[in-house]
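Protein chains in written order, with the UniProt record's numbering: chain R, 1 to 501; chain A, 1 to 501.
Don't read these hints as lab results, they were simulated from the structure. If you're wondering where the values come from, they're calculated on a predicted model, not measured in any experiment. Fair warning: there could be bad hints in the mix.
Straight-line C-alpha distance at most 30 Å; calculated DSBU-like pairs for lysine-lysine [unchecked claim]:
1. R:Lys290 <-> A:Lys288
2. R:Lys59 <-> A:Lys277
3. R:Lys72 <-> A:Lys288
4. A:Lys277 <-> R:Lys72
5. A:Lys168 <-> A:Lys224
6. A:Lys59 <-> R:Lys288
7. A:Lys252 <-> R:Lys329
8. A:Lys329 <-> R:Lys277
9. R:Lys277 <-> A:Lys173
10. R:Lys72 <-> A:Lys290
11. A:Lys72 <-> R:Lys252
12. R:Lys59 <-> A:Lys224
13. A:Lys72 <-> R:Lys288
14. R:Lys173 <-> R:Lys252
15. R:Lys329 <-> R:Lys168
16. A:Lys59 <-> R:Lys252
Number of protein chains: 2
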Amino acid sequence: MLAPRQHHKRTIPRTKMASLADDHVHSAGRMQAYSDAIFSIVATIMILPVAHTEIPEDKNLREVIFYRLLPKILIYILTFFVVAISWTAHVWLFQIVRRADDVTTLLNLFIMMIITFLPFTFTLMGTFPEYVLAIVLFSVCIIVLGVAQALVVLHVFRNPQIMEESIKNSENKVAVRNALLLRVLVNPILCTLAAVFSPASNVISYIFLVMILFSPNIAVQLSKLISKCSGSVQVSQEVIRRGKSYEMEVNKERVECYSDGVFAIVATLIILDICEKDIPSVADLEIKYKNDLAAALNHDSSVFLAYFGTFATVGLLWYIHHSLYHHLKRTSRLMAMFNNFSLAMIGGMPLAFQLTSMYKDTDFYNNERVAIQLSCVIIFLASISQLAIFVTALFRPDQDLTDSARVGGRSHYYLLVKLLVYPTVSMTIYVISLTSDVLSVEAFHVAQLGTPVLFFILWLIVIQIQRNVQDVLNPEENSTQEGSNNEEQALLTAPPENIAC
Amino acid sequence: MLAPRQHHKRTIPRTKMASLADDHVHSAGRMQAYSDAIFSIVATIMILPVAHTEIPEDKNLREVIFYRLLPKILIYILTFFVVAISWTAHVWLFQIVRRADDVTTLLNLFIMMIITFLPFTFTLMGTFPEYVLAIVLFSVCIIVLGVAQALVVLHVFRNPQIMEESIKNSENKVAVRNALLLRVLVNPILCTLAAVFSPASNVISYIFLVMILFSPNIAVQLSKLISKCSGSVQVSQEVIRRGKSYEMEVNKERVECYSDGVFAIVATLIILDICEKDIPSVADLEIKYKNDLAAALNHDSSVFLAYFGTFATVGLLWYIHHSLYHHLKRTSRLMAMFNNFSLAMIGGMPLAFQLTSMYKDTDFYNNERVAIQLSCVIIFLASISQLAIFVTALFRPDQDLTDSARVGGRSHYYLLVKLLVYPTVSMTIYVISLTSDVLSVEAFHVAQLGTPVLFFILWLIVIQIQRNVQDVLNPEENSTQEGSNNEEQALLTAPPENIAC
Chain R
1 MLAPRQHHKR TIPRTKMASL ADDHVHSAGR MQAYSDAIFS IVATIMILPV AHTEIPEDKN
61 LREVIFYRLL PKILIYILTF FVVAISWTAH VWLFQIVRRA DDVTTLLNLF IMMIITFLPF
121 TFTLMGTFPE YVLAIVLFSV CIIVLGVAQA LVVLHVFRNP QIMEESIKNS ENKVAVRNAL
181 LLRVLVNPIL CTLAAVFSPA SNVISYIFLV MILFSPNIAV QLSKLISKCS GSVQVSQEVI
241 RRGKSYEMEV NKERVECYSD GVFAIVATLI ILDICEKDIP SVADLEIKYK NDLAAALNHD
301 SSVFLAYFGT FATVGLLWYI HHSLYHHLKR TSRLMAMFNN FSLAMIGGMP LAFQLTSMYK
361 DTDFYNNERV AIQLSCVIIF LASISQLAIF VTALFRPDQD LTDSARVGGR SHYYLLVKLL
421 VYPTVSMTIY VISLTSDVLS VEAFHVAQLG TPVLFFILWL IVIQIQRNVQ DVLNPEENST
481 QEGSNNEEQA LLTAPPENIA C
Chain A
1 MLAPRQHHKR TIPRTKMASL ADDHVHSAGR MQAYSDAIFS IVATIMILPV AHTEIPEDKN
61 LREVIFYRLL PKILIYILTF FVVAISWTAH VWLFQIVRRA DDVTTLLNLF IMMIITFLPF
121 TFTLMGTFPE YVLAIVLFSV CIIVLGVAQA LVVLHVFRNP QIMEESIKNS ENKVAVRNAL
181 LLRVLVNPIL CTLAAVFSPA SNVISYIFLV MILFSPNIAV QLSKLISKCS GSVQVSQEVI
241 RRGKSYEMEV NKERVECYSD GVFAIVATLI ILDICEKDIP SVADLEIKYK NDLAAALNHD
301 SSVFLAYFGT FATVGLLWYI HHSLYHHLKR TSRLMAMFNN FSLAMIGGMP LAFQLTSMYK
361 DTDFYNNERV AIQLSCVIIF LASISQLAIF VTALFRPDQD LTDSARVGGR SHYYLLVKLL
421 VYPTVSMTIY VISLTSDVLS VEAFHVAQLG TPVLFFILWL IVIQIQRNVQ DVLNPEENST
481 QEGSNNEEQA LLTAPPENIA C
């Protein structure tokens, strides 16, 4: 009965076979992009519980920050890093997947579900650190996560057609698979121990949980140990090298994707609050404002100024991030850490928005200035860690930077100026707010709105210089690429002062 | 003074020139991805004001839905479409940009700022349709948007090195530019008229605002008219054709990017509510629950079940969308419209989550069942419009579909089954909820969690059949691509019943 079908199938030409492969095995690109989006949003969205903390206007904001906000902020930053780390692991794991079939996609969706739930269990643990249940819940999340990832590894190695070429063709596939499995299962093991010991002593279980941060190294050491015992040194070396290279080089495009997600969600979280709170209800308009919509909106005017100011800052920090990563060749783990910290701070912008927009008419204890100062600190930390990425890259220019961004390179100074703008501006405002009382929230937001204009003027100067020199040079070459580039270079080798002023 | 520098520059080899071009002119890819993310999040995040509407547990939910939720839901859907339309225009406009320089990037950021603010002005207009100020504010937004887009067009045409090749090399550049400018400035003109007439009569200004939906066609007609007057018919034809083709074919990858954004934000908005509301405060735990964390969490247990159920649904709808778009070659305007509607419905999932998770112990007026029914309607509409995309594509298979997805194609039936699962499931649950009282919210969420298992079983059957037939066929060919594909085909040409059961 099967014979004829068999025969029929045998006659299918190879070209058709190839197209057949595409029917159910899709390129993994979209799955990864989707995961990046979820990871970044989950990491950032945790700022809202902080931003939505009830702050009575008549309390001293400095005290509120220290006693009520700070613990929450710390939990937010920790959560952000937990998510960022699991994202790195996810990227690293899915580097073995060249094309995603249905099982991989469904498993990935399951992993996403756990990841999205992770912040809850982590926040719970952060709020009630002494409770066994909290520790156990978080551990269970990590264990399930690890098991799901292990299933992905097993599935991929059972279906070579969806596997990354480099691994598919490596002669010691099994060793690679075991190394991957080990890496993926270290966290579950640590969490199992943490969960088991939590009734006895929280301290021990937290020690195990902290060890998760070093799980990559632990995995490498373990696989080294195992291969020593089994004696197959050469293989283990290969595996460890691969393992390391996986760790170190999180694909640059993926980092950009992840960062874009954070910037995008931050930009939109701000407007969300406005749409929820600042659209007056029909009843309010009738009773409070006697149907005068202008008056109703005018009452929240400071909010809109705050919105445009904050958006401008977030947008420009993205723009700087964009220019910076355009000149990076790769991201080391240290640079990734700086990037994550910068993103975590940018995630704090909704909080800055909340605080700077809530103090309008009445002002006790100089709360207005405290709010401005906190915003300045957030912006400063976000921008300075972007600068730190560039500085780190400068230590290994050959590996990390494009030619033009290196010292003496064409865009070196221009990029440096861009990276220096926000640290300088935020620092200046902070100092002013310390010394004088003139600085109001409105002034702060106007300053925020002014900064992009600064960038724009900077660019206009660039253009103008180009045009002038160009005309002097050779009018017929106008608006051709070589022409404009010559001048670009003439300009960019000039010291930053000339550009900035 | 310039001479030596000039001389110096002339000696730069052409290879360096090329690299110079890359210094400040980046590939437009990342800017577009960032914009897609913002657009999709802005469109979706507007559901939260709806989802966060205060609903007293002791009121009749059916009445609450009709008198309090429905108007908000309508505004949400309209906002979603307004944002989606401006996104289409944005994609269409930026097709002329091959690579983004700093000015384009900054202008794009400014456009993003207006886009993010658009929902506020629109919601304001939706809440107070009779107020002149509301109409004027919305109009001003659109006008500023149009002007910014016009600036992008002018900038790009002044800097050919960042322009798309096809336009750069077309002999009637000027005509194309004018057509683009016309297209971009139609909306501002309409809005100016709307704003001007709003004091006289709202009706007239709303007529003008509705015309925005047809602005592409208006632009085409106008450019036709103008070119008629100027007599250059041939050019106008070329321009119109291009204009049309721009409209019709919004790049498939961009649609996927945009959709991913919506799915991702929806998936994470759900957990946000849990993290904000369902982590008990230290005080509550002490007083209410006598430091019994388990009891505190158990009190919200239904919320967690609701979360996992909703996430499973959103995730799988993404997975179906993913499989569907993998088999689409292009998206016509009609398909884009269906996709937008599907996404708008998926954006409604947080509302479904809210309603199905709020009714636990007490239940008045069968509110529990009403909540389930609303969720079913949302899921049904979301999934049926995905099916509608596929059906639309089937009308022009040669243009729209890959070979394997067409009627009689290898994955035609399998894809159809995938697309039919959710309409069937949601419909069934809805009918059950009408007939019997047994259906509880818990049962509904368990059903939601069951659906992915259904998909998984389906896939396992596929694999199993493959394996079996394969073994019979030729054992040595196991786990090689041709082998598995033969069977894939054998299976996929089988009727859907065989696969589904």
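Take the C-alpha atoms of Lys277 of chain R and Lys173 of chain A, compute the straight-line distance between them, and say whether it is at most 30 Å.
It is violated: about 48 Å lies between the C-alpha atoms, which goes past 30 Å.
Given the hint that Lys72 of chain A pairs with Lys252 of chain R, test it: the Cα-Cα distance must not exceed 30 Å.
Roughly 42 Å between the alpha carbons, so the hint for Lys72 of chain A and Lys252 of chain R is violated.
Taken at face value, is the distance from the CA of Lys224 of chain A to the CA of Lys168 of chain A at most 30 Å?
22 Å, holds
Regarding the pair Lys252 of chain A and Lys329 of chain R, is the alpha-carbon distance no greater than 30 Å?
29 Å, holds
Given hint Lys277 of chain A paired with Lys59 of chain R - CA-CA distance at most 30 Å:
Answer holds: Lys59 of chain R to Lys277 of chain A is near 24 Å, not above 30 Å.
For the pair we were handed, Lys72 of chain A and Lys288 of chain R, check the Cα-Cα distance against 30 Å.
Judged against 30 Å, a Cα distance of about 22 Å means the pair holds.
Can you confirm whether the C-alpha distance between Lys59 of chain A and Lys288 of chain R stays at or below 30 Å?
Distance ~27 Å between Lys59 of chain A and Lys288 of chain R Cα, so the pair holds.
Does Lys224 of chain A sit within 30 Å of Lys59 of chain R, going by the straight-line distance between their CA atoms?
65 Å, violated
Is the Cα-Cα distance between Lys277 of chain A and Lys72 of chain R 30 Å or less?
15 Å, holds
Would you mind confirming whether the straight-line C-alpha gap from Lys329 of chain A to Lys277 of chain R stays at or under 30 Å?
43 Å, violated
For Lys290 of chain R and Lys288 of chain A, compute the direct alpha-carbon distance and say whether it is at most 30 Å.
Roughly 43 Å separates the two Cα atoms, so the pair is violated.
Next pair to validate is Lys59 of chain A with Lys252 of chain R; report whether the Cα-Cα distance is within 30 Å.
Not OK: Lys59 of chain A and Lys252 of chain R at ~53 Å, beyond 30 Å, violated.
In the structure shown, a violation is registered for the earlier hints numbered 1, 8, 9, 11, 12 and 16, in ascending order.
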